[in-house]
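Read top to bottom, the protein sequences are chains A and B. The first sequence runs 3 to 694 under the numbering used here. The second sequence runs 14 to 367 under the numbering used here.
There's no promise every hint is true.
[Unchecked claim] Pairwise CB distance ranges (calculated):
1. B:Ser143 with A:Asp8: 58 to 68 Å
2. B:Gly48 with A:Arg317: 50 to 60 Å
3. A:Leu379 with B:Ala134: 19 to 29 Å
4. B:Ala255 with A:Asp159: 53 to 63 Å
5. A:Asp159 with B:His191: 51 to 61 Å
6. B:Glu193 with A:Asp445: 31 to 41 Å
7. B:Arg46 with A:Asp8: 53 to 63 Å
8. A:Ala268 with B:Gly48: 28 to 38 Å
9. A:Ser56 with B:Glu193: 28 to 38 Å
10. A:Pro566 with B:His191: 44 to 54 Å
11. A:Ser56 with B:Gly48: 42 to 52 Å
12. B:Asp156 with A:Asp378: 38 to 48 Å
No lab work stands behind these hints: they were computed from the structure. Don't be surprised by glycine CBs; every beta carbon is placed ideally from N, CA and C.
The residues making up each chain are set out below.
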Amino acid sequence: MMDALDDLMQRERCNGPFCQQDLEQPNEGPWQHWRLRRDDSDVAWLLFDQQGQSANLLGRAALQELGDVLASLRREMPRALVLRSAKAASFCLGADLHDFAAVDNEADAVRQLVDAHLLAQQLVDLPCPTLAVLHGETLGGGLELALCCDMRLATPDARLGLPEVLVGLHPGLGATARLPDLIDPLLAMRMMLSGKPLKAEAATQAGLVDKVAPEHALPALIDDAVNGRLTLQRRNLRARPYRLDWVRRLAALGLQRRADALVDPAHYPAPSALIDLWRRHGGKPDLMLHREIYSFARLLASGTSGNLIHLFFLRQRLKAQGAPDPRRRANHLHLLGASQVGVELAALAAQRGLRVSIGDQQAMTQCIRQLAGTEDLQANLDRLVFDPQHHGAALADVLIDAQTGDLQARRATLARLEPQMRPQALLLSLHDALEPLRSALGDAGRLLGVRFAGPVKRGALTELANHSTGRTISQQHARQLLGQLGCLPVTVSSQPGLLLRRVLAPMLLEALLLLEEGHETNAIDQAALDFGFDKGPLALLDDWGLADSLQLFEQLHSERDTPPIEPPALLRTWVEQGRERIRPSQPGRWTLPGRKQARLPAEEGDRMLLALLNSAVRACRQGIVADDEMLDAAMTLSGHFPAFRGGPLRYARSCGHAALITRLQDLSQSQGPRFTPDPGWTPAEDSEAGQG
Amino acid sequence: MDSQNSPSVTLPTGTYLLEGTRTPGLNNASRARAGFSALDLAVQSAHALLLRSGLAAGALDGVVLATGASQAADQVRQRLQLGSLTPLQQCSQGLDAITRASQQIRSGDADLLLVIASDAATLPDSTAVSESAKRLAALFEVDEEDAEAYEQACRQRSSEAEQSGLFSPYRITLFDRHGEVYDTDQHTPDSGACALLLASASGCAQLKRHPLARLSRQALARAPSDYPSLAPLLASTRLLQAEQLGLNDIDLWELPDAPALALLANLAAWQDARFCERQLELEHPMGRLDPTSLNPLGGSLALGALPVSGGCRQLLQQADTLHRHALGRALVCEQQAADQAQAWLLTRAEETPA
C-alpha cells in the first residue's frame with residue numbers, strides 16, 4: 003500500500019503557480035505543448051507538457067511553439083523565467099527522431115537547424131534570469147535547452163546525457179559549443195562521444211548542474227536562484243588551455259584514438275565529425291555553433307544516421323512488444339538444470355527483482371558467482387533460494403528448463419514437475435529442440451523455446467520460438483516476461499536454427515567452402531570485418547561449435563524448401579576427428595613481423611554476403627519471422643549484422659534488388675544451385691536501386 | 014511432508030508449529046571463512062522456510078526475530094522483503110520469541126507468524142553454571158565417569174540420528190558469497206539459525222497443512238544465584254505442576270546438557286526425597302526419568318549449545334520426533350542467561366473431526 007509513493011510525491015512537486023490539478027486538466031492556453039503562468043512575484047513558470055504523451059520530445063511543433071512563447075515573454079518581460087517539465091518521470095527525452103527521418107536533403111536539414119538555433123539563441127538572450135529545473139531523464143535537445151538557461155537545478159533522480167552519437171549524429175542544438183564552455187572540455191567531449199548519461203551528483207560536481215536538491219527543498223532554492231542569491235561557479239578554469247589550437251589538437255588525437263578503438267570511423271562517421279568540429283573551432287563558440295549546423299546536416303544526410311535511427315524505432319517496436327503488463331508481473335522464477343545460459347538467466351532475473359529458486363546445487367553456486375560485482379549484491383543474493391526438492395515449481399510464474407544431458411531423463415523430470423505448475427505459469431526451454439519435449443507435458447501449450455543470441459544481460463535480443471501446439475496467449479505472456487527481464491523478444495517459428503542461425507548458416511557454409519578452396523582463415527574473416535561485421539564467419543563457427551554447426555547444416559540441407567547445400571567434406575572430417583574449433587583457442591603468441599595480411603578477392607567476399615542476403619530473403623518468405631523489419635531488427639540488435647547498414651533486407655533494398663538478383667544468377671551458374679535467387683526477391687523494387 | 018497434507022479436519026484453538034528449517038551448525042573457522050553474519054543465517058533459513066511452505070513474505074502476519082545483533086530489524090525487513098506494515102519484533106532469546114509469537118496467536122492478533130533465531134559467534138558464559146553443576150554433582154553423588162558415559166551415549170545417538178537422516182528434512186544448505194557450500198553440522202558450533210512457522214488453527218487450515226505439534230504451555234524460572242544450574246529443573250518442574258503431570262507423562266525430554274554434569278545432577282536431584290520435599294515443596298520425589306526418552310537425538314552434542322537459537326532448533330527436532338512416532342507430549346527446556354531457564358510443552362496436534 004504505502005510502498006509506491008508516486009502519487010504523493012507527484013502532488014508535492016513544486017510547479018510554481020501550477021498545482022497538480024491544473025496539470026491534470028487539458029491545456030487551455032494558447033499553445034498545445036507548453037503551459038505558461040506567472041506567479042505572485044512576476045516570475046514566469048514555463049512547463050513543457052507535450053500533449054498526449056507521457057514524456058516530452060522536442061519535436062518541430064514544440065520548438066515552433068517555444069518561439070511564440072519566447073516572443074510573448076519579450077513583449078512583457080517577467081522578473082525571471084523558470085523552465086520545468088510537467089511530466090512525471092522525465093524532463094525531456096531529446097529531439098523527436100521522426101522529424102529527422104522526414105528530412106529529405108542536406109539543405110532542408112540546414113534550414114531547420116538554423117531556425118532551431120535562432121530560437122535557442124533567443125532563450126540565451128532573454129534579459130531576465132532563466133532557470134531550468136531538471137528531473138528524471140534529461141537528454142539531447144532537452145539538455146541543450148537547459149544549457150541555454152542561466153542556471154540549472156536538479157533533483158537527485160535526474161540523469162543528464164547527450165545520446166545523439168548513438169544514432170550516428172552529434173548534438174545539434176548548441177551543446178557542442180556550450181557544454182565545453184561550461185564544464186571541463188574533455189569531460190564534455192567524453193559525454194558527447196559516449197552518449198552515456200551523468201547522474202545528478204556527478205553533473206553537479208562537473209558544473210553542469212548548479213545544485214541538487216530533493217523536491218521538497220526546491221521552492222526555497224528556486225526562490226534563491228531567481229533572486230540572485232545562488233552562488234554560481236562560472237569560471238571554468240579548466241577550459242582555458244583548450245582555447246589554444248595546439249592544445250585542442252593534441253587532446254583531439256587522444257580522443258580520436260579512443261573513438262577508433264571502439265568503432266571503425268569509416269562506418270560510423272559521427273565521433274570523428276564531432277572531434278573534428280571541436281578541434282577546429284573549439285576556441286570560438288560563435289563559429290562553432292555555426293559549423294555545428296553543417297556538420298550535423300551532413301551526418302543526417304549520410305546513410306549511417308538514417309539506418310541507426312531506423313534501428314532505434316525497431317528497438318522501440320520490440321520493446322513495445324515486450325511491454326510488461328503491470329497486473330501480470332512475474333514474481334518467481336524456478337531454474338531446473340544447470341546450463342550456463344540458464345544460470346545467466348537466473349542471475350538476470352534476480353537482478354530484476356524476481357525471487358529465484360534453483361534446483362541444482364552447482365547451478366546455485368554458479369549463479370552466486372555470476373552475481374558477484376553487481377550493484378546491490380546483497381539484495382540480489384537474498385533473492386536466490388536453494389530448492390533441491392523443487393518446491394519452487396509449484397510456486398513459480400515461469401519454469402526455466404536449462405537441463406542438459408539425456409533426452410529421456412529430461413522428459414521424465416519435466417513430466418514429473420509440469421503438473422505441479424500453476425495454471426498460468428510458463429515453461430521456457432533453453433534447449434534447441436522443442437518437439438521431443440511436447441509429448442511429455444500435460445499442457446504443452448505453455449511451452450516455448452528461448453534462445454539468446456549473445457550473453458544474457460539487459461537489452462539482449464532473444465528469439466522466442468513457438469511450436470505446433472503453442473498458445474498465442476502464452477506467447478504474449480512470454481514476451482511480457484522477457485520484457486520484464488529487460489530483454490528484447492522476437493517471435494520466430496520453431497524451425498532448425500530458429501531465425502538467426504538459419505539466416506547465418508549459408509554465409510558460414512560459404513566461408514568453409516572458401517577455406518576448402520585454399521583461402522586463408524584470417525583473410526576470410528577479415529573480409530567480413532571490413533564489411534562491418536563484429537565477428538568473422540569462421541570465428542562464429544568456433545563459437546557455435548563444429549559439431550552443432552554440422553548438425554544444423556545437415557538439417558537445413560534436408561529441408562524441402564531450401565536449395566540443397568552439401569556441408570563441405572572438410573567440416574565432416576574435422577567433426578569425425580573430434581575437432582571442436584577451427585582456430586586453436588589460444589592464439590599463437592609469435593607472429594612473424596612484416597608479414598602482410600593476405601586479403602580475400604572482392605568476388606569471394608561478395609559470395610559470402612550474397613549467400614547471407616539470399617538466406618535472409620528466404621527466411622522472410624518462409625515466414626520464420628513476422629516481417630522483414632523484424633528480421634533486420636533481430637540480425638542487427640543481436641550483433642550479427644552491421645548496425646550502420648541497417649539490416650540485411652534494408653541493405654539489399656538500398657543496393658537494388660534487380661542488381662542483386664542478376665549477381666545471384668551469375669553466381670548460380672558459376673558456383674552452383676545454392677545461389678539460385680529465392681522466389682522471395684521482388685525485382686519491382688527498382689525504384690530504390692542505386693541509393694546505396 | 015506428505016503426511017502433513019490433510020485438509021478436511023479442524024484443529025482446536027491453540028498455537029501450532031507448522032514447519033521449520035535450520036542451518037547446519039558452523040564452527041568459528043567456517044563462519045569466519047564464509048563471512049556469515051547472524052542476519053545472513055537468519056535470512057537464508059527464513060527464505061528456505063517460506064519457499065517450502067509456499068508462502069510469500071507478504072502473507073505473514075508478523076515476524077519475531079531473536080538475535081544478539083542490535084538494530085537488526087530494519088535490515089531483516091528489507092532483506093526478507095516484508096511489507097512496511099508487517100510487524101517485526103526483536104528479542105534476544107529464541108524461546109522468548111516463541112513465547113511472544115504464541116501470545117499473539119492465542120490472542121487472535123495473528124494467524125501466521127515466522128520466528129527466526131540466529132547465533133553468530135556467540136558463546137554462552139558457562140563458568141557459573143559449571144561451578145554450580147560440580148557442587149550439585151558432588152552433593153547428589155554424580156561423578157565424572159557418569160558424565161563421560163552420558164556424553165559417549167549422546168555421541169552415539171547423534172551419529173545414529175545423522176545416519177538415519179533424521180536431521181536432513183530440516184537442515185538447509187548454506188551458500189556464501191563465493192558460492193561455497195555448507196551443509197554438514199560441524200563440531201563445537203558457535204553459529205547457526207533456525208526459522209519456525211507458527212500458526213493458529215485457522216492458519217493451518219489456510220495453508221491446508223497438518224502441523225507438526227501444538228505448543229501448549231511454557232514456564233519460566235529463575236534459579237538462586239548460588240545454584241544457577243538448577244534453572245532447567247525449576248522451569249520443568251513448574252511446567253509439570255501447572256499441567257499436573259508427572260515425569261512419566263512426558264514421552265520426550267530435551268534438557269540442556271552442556272555441561273553434562275549439570276543435567277545429571279538435576280536428574281539426581283529429582284530423585285532425592287529431601288531436595289524435593291524441602292526445596293520444591295513436593296510430597297514425593299519427582300522420580301527417575303526414563304533415560305531413553307531423554308535427549309533422543311544427542312542433545313547439544315548433535316545440534317550445538319547455541320544460546321539464542323538452540324532452544325528453537327531442539328523444539329523443531331522434538332516436534333518432528335513427536336509427529337513421526339505419534340507420541341503424546343514432549344518437553345523442551347533451554348538455559349537462558351546464567352540463571353534463567355524456559356521450558357515449553359509440545360503436544361500432539363489432535364484433530365477433531367469436522
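- Compare the structure with the hints numbered earlier in the document and write down the numbers of the violated ones, lowest to highest. The structure breaks hints 2, 5, 7, 8, 9, 12; every other hint is satisfied.
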